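**Q** Take a look at the letters that make up each chain.
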Amino acid sequence: MDLLVQFIIDAVSVGGLYALTAIGIGLIFGVVGLVNFAYGDFVMIGAYTILLTIGFYWPVTILIAAIVLIMVALAADFVAFRPVRLASPETLMIVSFALSYTIQYSYVMMFGSLARTVNFLPAMSTNLEILGIRIAGVSILQIVATIVLTGALAAFIRFTRIGYQMRAVSENPTMARLVGVDINKVIAAAFIASALLAVTVSVLFVAQTGTMTPFLGLNLTIIGFVATVIGGMGSLVGCALGGFLVGFLTTLLQLALPADLQPFREAFVFGAVVLMLLLRPGGLIMLATARERI
Amino acid sequence: MRNDPTHSWQGIVWTFLVLGIPVAVAALLLASTGPVLARVVTDTLIKLTMVVGLYIFIGNSGIFSFGHAAFIVVGSYASAWMTIPPTFKKVILPGLPAFMQSIHLDPFTGGLVGVLLAALLAFVIGLALMRLAGIAASIASFAFFSVIVVIYNNWTGWTKGTASLVGLPVYAGPKLALAAALIAMLLALLFQYSRYGLLLRATREDAAAARAAGVEVERMRLIAFVVSAAVVAAGGVLQGHFNGALTTTANVHLNLTFLILAMLVVGGMRSLAGAVIGVAILAFVAELLRQLERGWQIGDFTITAPSGLGQVGLGIVMLVVLISRPQGLTKGREIPMPNWLSRRERQGDAELIGSTQNAR
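Chain order of the listed sequences is X and C.
So in my numbering the end of the first sequence lands on 742, straight run, no missing numbers.
So in my numbering the end of the second sequence lands on 366, straight run, no missing numbers.
Calculated directly from the structure, the hints in this document are not laboratory data.
A quick note: this is a predicted structure, and the numbers were derived from the prediction, not measured.
Among these hints, one or two may not hold up.
Chain X is faced by these chain C residues, among others (derived, beta-carbon under 8 Å) [to be verified]:
(1) Pro103
(2) Gln107
(3) Ala134
(4) Arg137
(5) Leu138
(6) Phe148
(7) Val156
(8) Gly301
(9) Trp302
(10) Pro312
(11) Ser313
(12) Leu315
(13) Gly321
(14) Ile329
(15) Leu335
By construction, the Cβ of each residue, glycine as well, lies at the ideal position given by its N, Cα and C atoms.
Given these sequences and hints, build the entire structure.
**A** Pasting the structure below:
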């Protein structure tokens with residue numbers, strides 16, 4: 449019984465982190481139609497900003513990281529994505545691929561490619577005992593952050609004016625523009641929202657692992673893609689669901705696979721994507737708007 | 007497509023010669039100046055083989071693949087298993103089963119095994135992947151690449167895992183690489199000219215219309231995927247037997263993926279001319295930046311750029327080209343045939359243009 453509860457908590461906390469990553473990617477995909485390879489690198493920039501500002505009181509550190517990430521995301525949109533906005537989705541994807549590569553290696557130039565360690569929010573790595581079950585503080589933080597952020601994002605998209613416009617742009621950009629939606633503003637808002645999600649992932653990631661390399665974004669991006677594909681491209685609920693599923697699958701495989709198959713865990717997870725795409729190419733939750741129309 | 011010379015066999019010959027002769031002349035001239043440049047030339051020609059292989063699929067189908075590095079891994083390791091001398095193999099790969107230990111093929115047959123294995127893998131995985139289109143296909147190809155790398159990374163008995171596999175017979179030189187690149191180019195042109203290439207290009211322009219006209223979209227994509235995987239794997243085999251060592255490190259292969267994709271995109275991914283020109287330009291830029299990273303003597307000072315500059319430079323070049331010319335430097339056009347070679351062809355095209363304009 450305890451083992452089961454422990455397993456569920458692990459799965460939910462890992463899944464929460466993946467879900468946040470997937471939502472950050474899915475949000476941009478839904479609104480802009482961009483598969484953002486550079487999203488994981490935003491998280492990496494956040495992690496290094498925390499490393500550089502670790503001396504401050506922790507809310508200040510997080511605030512600085514958030515501001516830096518918002519600026520980076522807006523700059524990426526302005527410099528790289530806006531000029532090719534009318535190009536095909538494939539071109540956008542390749543642009544983000546090039547951007548991701550450039551960001552990664554600029555950080556290699558600045559910080560070297562070796563891992564850096566940092567002790568951020570040490571209180572979070574202590575274990576709490578609730579009803580005889582040991583839970584890492586980070587796990588609780590992950591679960592809480594996931595619930596709060598997805599809730600806030602859902603409310604933002606559902607109830608605010610700009611959220612309303614976001615849904616319009618995501619459904620039909622041309623029509624939205626014709627009825628007077630400022631597309632650039634809406635897209636900037638989407639990038640800011642995804643930057644805020646990214647900074648949360650940075651904080652959780654650094655608090656949990658305490659180590660970083662310029663390449664840490666890569667794995668997150670891949671997991672985010674996997675989760676988005678499983679959940680259904682462009683549906684935020686689907687992204688969250690996909691993230692949790694991948695987290696669940698990873699934790700389950702960690703528990704259930706025999707030791708000599710352990711290293712192949714990732715292969716199973718990625719294999720699941722290919723399988724998923726075959727069985728249900730649209731993902732778990734398929735949007736009517738995502739289907740190709742003639 | 008108006009000036010596309012690859013719609014006639016004369017045009018195929020023309021395109022092959024107009025791209026192949028400069029490549030061959032430049033490669034042979036540069037390689038004859040000394041061993042340092044000969045290595046650079048060989049490396050570039052191997053990259054050209056890979057880029058042309060990538061072009062066969064991406065250029066004709068319009069679907070980006072981030073997974074082709076998997077075929078490089080599969081092909082080059084298979085070739086290594088076949089060609090490393092058994093006495094040596096016993097020492098470096100003790101985990102290999104007995105029947106694999108005793109195999110010793112000549113370089114050509116060994117390489118062929120690698121290429122065929124990659125093509126077989128492409129066929130099996132392609133059966134699944136080619137049902138997808140657009141971005142989903144790209145992401146799935148990336149996931150496929152990750153699966154292969156994770157497997158090879160942890161399959162220690164066969165691949166030495168994260169350590170490099172050494173001891174491959176080194177036989178690839180500039181001449182062999184040139185031959186491979188030229189064969190790859192000819193293959194790409196013939197595929198483009200063939201009915202499969204033409205049908206695939208139709209699906210690229212409008213998959214729904216092509217399907218409605220009776221084109222078996224998945225089958226056309228699968229054919230191109232297998233051919234393309236085989237050519238890319240051939241490049242991978244050559245690379246293995248050029249460096250004499252192999253690695254399964256994901257970053258190395260991601261960098262290679264980035265480089266060959268950048269080469270294709272910068273030149274223009276929808277024409278063979280684009281592939282060749284992209285390779286030439288980016289190989290030059292990469293070599294320049296590599297020199298900078300190594301250190302640059304000015305008088306008494308040596309300026310050494312921090313490592314990573316090469317990659318950042320490539321990334322920026324790719325970004326700038328993509329943003330200013332999303333279709334690549336050639337805008338997806340082949341080198342047009344001069345009038346005196348293609349008078350009849352042009353007349354036919356003129357009628358075609360007229361009719362499409364009337365239709366509008």
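**Q** Any CB of chain X closer than 8 Å to the CB of C/Ile329?
**A** holds (5 Å)
**Q** Please check whether C/Ser313 passes as an interface residue: C-beta within 8 Å of a C-beta belonging to chain X.
**A** Status holds, d = 7 Å.
**Q** Taking the closest Cβ pair, is C/Gln107 under 8 Å from chain X?
**A** violated (22 Å)
**Q** Are C/Arg137 and chain X close enough, Cβ to Cβ, to be under 8 Å, as the hint says?
**A** holds (7 Å)
**Q** Let's test the interface hint: is any C-beta of chain X closer than 8 Å to that of C/Val156?
**A** holds (4 Å)
**Q** Please verify that hint: C/Leu335, Cβ, nearest Cβ of chain X, below 8 Å or not.
**A** Violated. Min distance 14 Å.
**Q** Does C/Leu138 meet its interface restraint, that is, does its C-beta lie within less than 8 Å of any C-beta in chain X?
**A** At 6 Å from the nearest chain X Cβ, C/Leu138 passes the 8 Å test, so the hint holds.
**Q** Hold the hint about C/Gly321 up to the distance rule: shortest CB distance to chain X must be less than 8 Å.
**A** holds (3 Å)
**Q** Can C/Phe148 be said to touch chain X, with a Cβ gap under 8 Å?
**A** holds (7 Å)
**Q** For the hint on C/Pro103, does the least C-beta distance to chain X fall short of 8 Å?
**A** With a minimum Cβ separation of about 17 Å from chain X (threshold 8 Å), the hint on C/Pro103 is violated.
**Q** Given C/Gly301 as an interface hint, is the shortest Cβ-Cβ distance to chain X below 8 Å?
**A** The hint is violated - C/Gly301 has no Cβ within 8 Å of chain X, the shortest such distance being about 16 Å.
**Q** Let me know if the C-beta of C/Pro312 comes in closer than 8 Å to any C-beta of chain X, holds or violated.
**A** Status holds, d = 5 Å.
Violated hints, listed in ascending order, are 1, 2, 8, 9 and 15; each of the other numbered hints is respected by the structure.
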